[in-house]
Structures are given as C-alpha cells and as structure tokens.
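Could you put together the complete structure from these sequences and hints?
Quick note, the sequences are listed as chains A and B, same order.
Residue 1 is where the first sequence starts when you use this note's numbering, and the numbers rise one by one after that.
Residue 338 is where the second sequence starts when you use this note's numbering, and the numbers rise one by one after that.
Check each hint, because a few of them may be wrong.
What follows is a list of derived Cβ distance ranges for each label pair [said to hold, decoys possible]:
{"#": "1", "chain 1": "A", "residue 1": "P252", "chain 2": "B", "residue 2": "P508", "range": "33 to 41 Å"}
{"#": "2", "chain 1": "A", "residue 1": "S11", "chain 2": "B", "residue 2": "T461", "range": "41 to 49 Å"}
{"#": "3", "chain 1": "B", "residue 1": "T461", "chain 2": "A", "residue 2": "H60", "range": "29 to 37 Å"}
{"#": "4", "chain 1": "A", "residue 1": "G49", "chain 2": "B", "residue 2": "T526", "range": "43 to 51 Å"}
If you are wondering where the hints come from, they were derived from the structure by calculation, not from laboratory data.
Here a beta-carbon is modelled for each residue, glycine too, at the ideal position from N, C-alpha and C.
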Amino acid sequence: MTATMDRAPASKKMRYQQCIGLAIEHEMLRDERVFAMGQDLTTLGGQFGLSRGLIDKFGHNRVRDTGVVETFMVGAACGAAIGGAVPVVDITFSDFMFIAGDEVFNKLAKWRFMHGGQPNELPVTVIAGTGILGGSGAEHNSSLEAHVLHNPGLKLVLPSSPADVLGLLRSSIRDPDPVIFMPNKGLFFTRGLVPTDPEFIIPLGQAALLRDGTAATIITYSGSVPKVIEASEQLAAEGIEVEVIDLRTLVPLDWETVSQSVSKTRRAMIVHEACRTGGVGAELAARIQEEMFGSLHAPVMRICGADTHIPQNARLEQYCVPSVQDISAGVRSLLRH
Amino acid sequence: MVSQEQARPDVDQSIVQTMLYRLAVARGIEDLFEKWTKDGTFTGWWHPGRGQEGAAVGAMAALKADDQIMWYHRGANWPIARGMNVESVIADLLGRVNGSTHGKGGGAPHFVDLDLGLIGSGGTLGTAHVLGGGLALAKQVLGKPGIVVAGFGDGTAARGTFHETLMQAVPWKLPLLYFCENNGWAVATAFGATSPTATVAERAAAYGIPGVRVDGQDAVLVYRAVKQAREYIEAGNGPMIVEATTYRVGGHFYGDVGAYRPAGEFDDYRDPLDVLKRYVSEPAADAIEAAARAELASAAEKALAGAFPERDVIFKNLYAE
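Set out below in structure tokens:
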C-alpha cells in the first residue's frame with residue numbers, strides 16, 4: 001500500500017520537533033494508560049523541547065522526569081507495559097540504546113518470545129533521536145537503525161517530515177509491539193504542513209511515494225529524504241525522472257511499494273546516512289537482487305554514509321553523509337548501465 | 338535474630354502448612370531434576386535451588402493476590418512457592434508444550450503465570466530490578482493495588498540495574514520490594530571477595546530506605562520479615578530491601594562439584610525443610626509431605642507425556658498476535 005503525500009484540506013505549518021509533543025499529547029488524551037518519561041520532561045519538555053507543555057496538561061503522575069538512568073528508563077518501560085501501562089520513553093539520543101542495550105535488545109525484543117507470548121502486547125515507544133545534531137560528536141550522532149533491524153521483535157520508525165512525525169508517532173504509541181521511534185535531529189527545525197484533523201494518523205508499514213518517475217527508483221528514509229528530493233529536482237531539469245520512495249518505517253517494511261516501483265523502473269538505488277557496511281541498503285539491495293534479479297537493468301546501487309564515526313568537529317560532519325551531488329551523480333552512473 | 342520458638346505463636350498454622358507443602362514440592366523437584374540430569378531425561382542446565390527453598394516459600398507466603406513477582410532463577414522454588422501449577426513448571430523445564438511458555442522453555446526456563454503475578458524472568462541478571470521497577474511504576478501510574486517483588490541473588494546485587502532502579506524508585510516511592518537471597522556465591526566467587534559491604538541490606542542506607550536481614554533457612558522468619566516489609570511498602574513509603582541469608586547446597590549448575598568451596602561452610606547449615614517441619618506436628622508434617630510427593634509424581638507423569646513443540650514455534654510470539 002502506497003500513500004501519496006496527500007495534502008489534507010485543513011493543515012497548518014508546524015516544526016518537525018513540535019509534532020513529537022503533539023502526538024504524545026493526542027495519545028495521552030485518547031488513552032489514560034499512556035504516560036511519558038525521560039530527562040527534563042517537566043522542565044524543558046525533554047532535552048530538545050519535544051514534549052513542552054505536557055506537564056501542565058497531565059501532571060506528574062503521567063509526565064515523569066528521570067535522572068540519568070537510561071537502563072532503568074527502558075527496562076521500566078518494558079515492565080510498565082507488562083503491567084498494563086503504555087509508556088513513551090524519551091532517551092534523547094539513539095546512541096544511548098547501547099547504555100540500555102540489555103533492555104532494548106534483550107527485554108523489549110525478546111520478552112514475549114521467551115515467555116510464549118505472555119503478555120501478547122508490549123506497547124512501548126522508545127524515542128531515540130538519530131542523525132546529525134551539529135557538533136555533538138561520535139556518541140550522539142550515530143545512525144543505528146541497522147542494529148534495530150537485525151533484532152526481530154522490535155518495530156522501527158524513521159519519519160522525515162512533520163506530518164509523518166505526528167501520524168507515525170501516534171501509530172507507534174498505539175502499536176501493540178515495542179517501537180523504536182527515531183526522529184532525525186537534523187530535521188528538528190524543518191517545517192511542513194500538518195493536517196489539523198485530530199484523528200490524523202499514518203499506519204506503520206506504508207511507504208510514501210514522494211515522486212513519480214520511470215528512470216530509476218530511489219529508496220530512502222529519514223535525513224536523506226530532503227537531499228534525495230533536491231537531487232531528483234536537479235535531475236528532472238536534465239530530463240531524468242526518478243521515482244522517490246520514503247520508507248518511513250523499516251519494520252514493518254513496505255516491500256510491495258518497493259518491488260512495484262523497481263519492477264517499473266528496473267533500476268534501484270538506496271540512500272541513507274548510516275554507514276554503508278552492513279546497513280539497511282545492504283539488506284534492501286540483497287533482497288531486490290534475490291527476488292527481482294531478472295527485472296533489473298543495473299546492479300542495485302547504494303549511496304550511504306561513510307564507514308566511520310561522526311567527528312566532534314562540526315566542519316567534518318557533512319563529509320560523512322551523502323550529499324545532494326553524491327545522489328545525483330549516483331543516479332547518472334546508474335543510468336549508464 | 339529471633340528464635341524459632343519466639344516466632345512460633347504468631348503465625349497462622351494454615352500458612353505454615355501451605356509453606357511446608359510447597360517447600361516439599363520444590364524439594365521434590367530438586368530431587369527429580371538431579372535424577373533426570375543423571376539419566377538424560379533432562380538435558381538443560383539445572384541451577385539447583387536446594388537449601389534456598391525456605392526463603393522463597395517464606396517470601397511468597399507473605400504476598401497477596403495483587404502482588405507481582407520477578408522470580409529468582411535458581412531451581413523452581415519461586416513459582417512453586419507462589420502456587421504455580423506443578424505440571425506446567427516441570428513441563429517448562431523439559432521443553433514441552435504443556436509448559437507455561439508452550440515449549441519455549443527447557444533448561445533454565447522463563448516460567449510465567451500472569452494470573453498469579455508471576456511475570457517471568459530475564460536470562461541476563463539484573464532484569465528483575467528494572468522490570469520490577471517498571472511493574473511498580475505501572476501500579477502507581479494506573480492506581481492499581483499491590484506491590485512488586487524483585488527477586489535476585491547476592492551476585493546480581495552488583496548490577497547497575499540495582500542502583501539505577503532505586504535512584505528512581507525511591508524518590509517516586511514505588512511499591513517495590515528488593516528481595517535478595519544471599520547464598521554467598523556468585524557462581525564460583527564468594528560474596529565477600531567482591532562486595533564492598535558485609536551485607537546487601539546495608540546498601541539500603543545509601544538510598545535512605547530500610548534494609549533488613551533475615552535467616553533464610555527459616556521460612557517463618559522470612560514470612561514475618563516480608564509481611565512487615567510489604568505493609569511498609571503498601572502504606573506508600575516506597576522501596577525496601579530484605580536480604581535472606583541462605584545456602585546454595587549444590588553447584589552453580591548441576592555438575593559443578595564446588596571444589597572452590599571452603600571446608601566448614603556447612604558446619605552451621607540447617608535444612609529449611611527440617612526447620613519448617615518443627616513448626617507443625619509430626620503427623621501433620623508426614624501427611625503434608627506425602628501429599629506433596631503424590632502431587633509431584635502425578636505432575637511429573639503428565640509433564641513427561643507432553644509433546645515437544647513443532648518447528649513453527651520458533652517464529653511465534655515475536656510480535657503481537
């Protein structure tokens with residue numbers, strides 16, 4: 001199922017970051033079992049101000065400040081969900097999943113498997129920022145989605161626009177499975193139209209077809225989406241029309257949209273900011289080639305982050321992730337086959 | 338330390354008899370799995386709980402229906418002490434579909450009975466602290482009654498989860514009881530060789546909460562200590578630590594002969610079964626033990642009759658169904 005970028009009749013411009021707090025607010029109003037915890041939630045609305053104002057509306061029982069206790073935060077979210085609550089836990093940086101590694105990868109991912117599906121539902125949302133926040137260094141800027149993808153039992157959401165943040169976070173909170181929700185810190189201050197319909201929601205597992213084209217399919221998500229759009233506009237000026245798919249969720253994966261598009265264009269490129277080796281692009285390229293080898297006119301191409309860490313020096317950061325030029329040049333090369 | 342004679346008058350005889358019954362079943366499971374490990378019926382890693390049953394039955398007897406438990410991994414003492422179906426526990430250990438995890442268990446299993454508040458257990462030590470804290474948090478957020486018991490051993494008292502959970506659970510006054518079975522050994526390393534404190538209970542002072550020590554060989558004393566702790570926690574005072582001193586009679590796992598253990602370790606050892614039997618009349622104790630043996634024999638037979646799971650079970654319960 002493909003969702004095109006519908007513009008609902010009533011919408012307003014919002015910042016990407018604001019939509020995180022708005023989604024939590026909507027879901028807390030809708031379901032009394034939902035509560036939020038993280039550092040500085042009541043004072044700053046979280047370290048990035050993602051949830052500002054929640055404390056005034058819901059009070060200290062449902063909006064909880066924690067200390068520097070990531071292990072507790074994620075483990076307690078798991079326990080609270082077993083106990084019937086619906087926790088939304090903000091660990092700020094996805095890099096901190098490693099601090100709570102046992103809780104993310106052994107408890108959230110495996111608890112129901114190990115216990116024969118008891119409980120059946122484990123509705124935990126972990127908000128874990130991905131992407132580059134200028135100058136915050138190698139331990140705050142990693143793109144770790146492949147680590148999550150490799151662990152069955154977790155769902156994985158990477159929104160690229162304000163409307164997607166709102167719609168997908170609402171779905172994540174309602175989802176019966178643990179969701180690692182990764183907003184991109186590099187997109188926090190971007191703005192976009194967001195439907196004002198209080199029921200607006202985007203189901204998990206529906207990619208967005210952002211641009212129609214026939215020359216090639218670019219499959220991307222998160223912080224690379226705006227760059228891919230810019231590159232595709234440059235290419236259109238040269239007469240090259242590429243199709244652009246924003247996956248939006250990696251688990252569940254909208255394979256149908258990917259395969260339909262690649263069947264049509266016969267050329268596929270995957271673009272992401274995370275390291276190339278062992279990344280999401282490697283997984284997608286393998287699957288496209290396994291299942292669609294006969295349809296392809298060219299090898300599947302990957303334009304990915306460099307196999308390194310994001311340096312503390314902000315001047316070096318952009319050398320580590322694909323640029324608009326890298327993407328355009330990649331498409332031209334893909335078309336030479 | 339309160340003597341058994343002093344403890345005797347104020348504990349209801351029916352509670353004592355229930356504890357004795359469950360202790361006898363748990364002991365029977367210890368005997369059974371030693372036998373089954375030797376003859377190959379059981380092929381997993383048996384972590385014996387022999388010698389520690391008194392702590393488990395005492396603690397569990399002091400709880401109420403709304404309470405939830407993250408159990409301690411040694412033996413099958415905790416689920417049996419809470420009253421879990423015996424066939425289900427044995428079938429879990431044997432990896433059969435009639436086990437509580439429908440065949441996902443085997444060896445060191447993850448017994449679960451949500452209706453009894455037996456939430457399960459993590460394979461990585463320290464799970465009980467954070468998940469137990471989360472269960473207690475859910476009770477507070479949702480306004481549900483009861484307390485949560487996080488059970489762990491003295492080795493696991495070293496985990497960061499012990500600390501992080503109290504850092505949050507104490508200011509939030511979560512209804513959480515840390516129940517430590519201190520058997521003196523973290524696998525093959527003595528408690529005293531790595532602990533900065535002489536006891537686990539005294540670490541409570543660092544968090545500004547009460548910590549008490551109790552003789553874990555005497556289930557009645559454990560019952561009294563946990564009952565008091567439960568009342569303190571249920572009244573809204575926040576977490577507390579109870580440390581039951583006990584003995585790991587067997588190895589870390591069955592087959593560990595314990596060559597590292599010092600001579601004289603068991604000079605003062607008292608078997609918790611014998612200790613508890615002294616609280617009831619001899620005929621009553623005999624009848625209880627006979628009934629426990631009969632239930633165990635029947636449960637073992639049913640458990641062994643259960644099928645092994647089919648291949649499709651490996652893809653079950655990854656996501657909600």
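Checklist entry - Is it true that the C-beta distance of G49(A) to T526(B) lies inside 43 to 51 Å, as the hint says? => result 47 Å, holds
TODO: With 41 to 49 Å as the target window, see if S11(A) and T461(B) comply at their CB atoms.
DONE: Cβ of S11(A) to Cβ of T461(B): about 46 Å, so the range 41 to 49 Å holds.
Open item on the list: Taking 29 to 37 Å as the stated bounds, is the beta-carbon spacing between T461(B) and H60(A) within them?
Closed with: 31 Å, holds
With 33 to 41 Å as the target window, see if P252(A) and P508(B) comply at their CB atoms.
Check passed, 39 Å falls within 33 to 41 Å.
Of the numbered hints stated above, none is contradicted by the structure.
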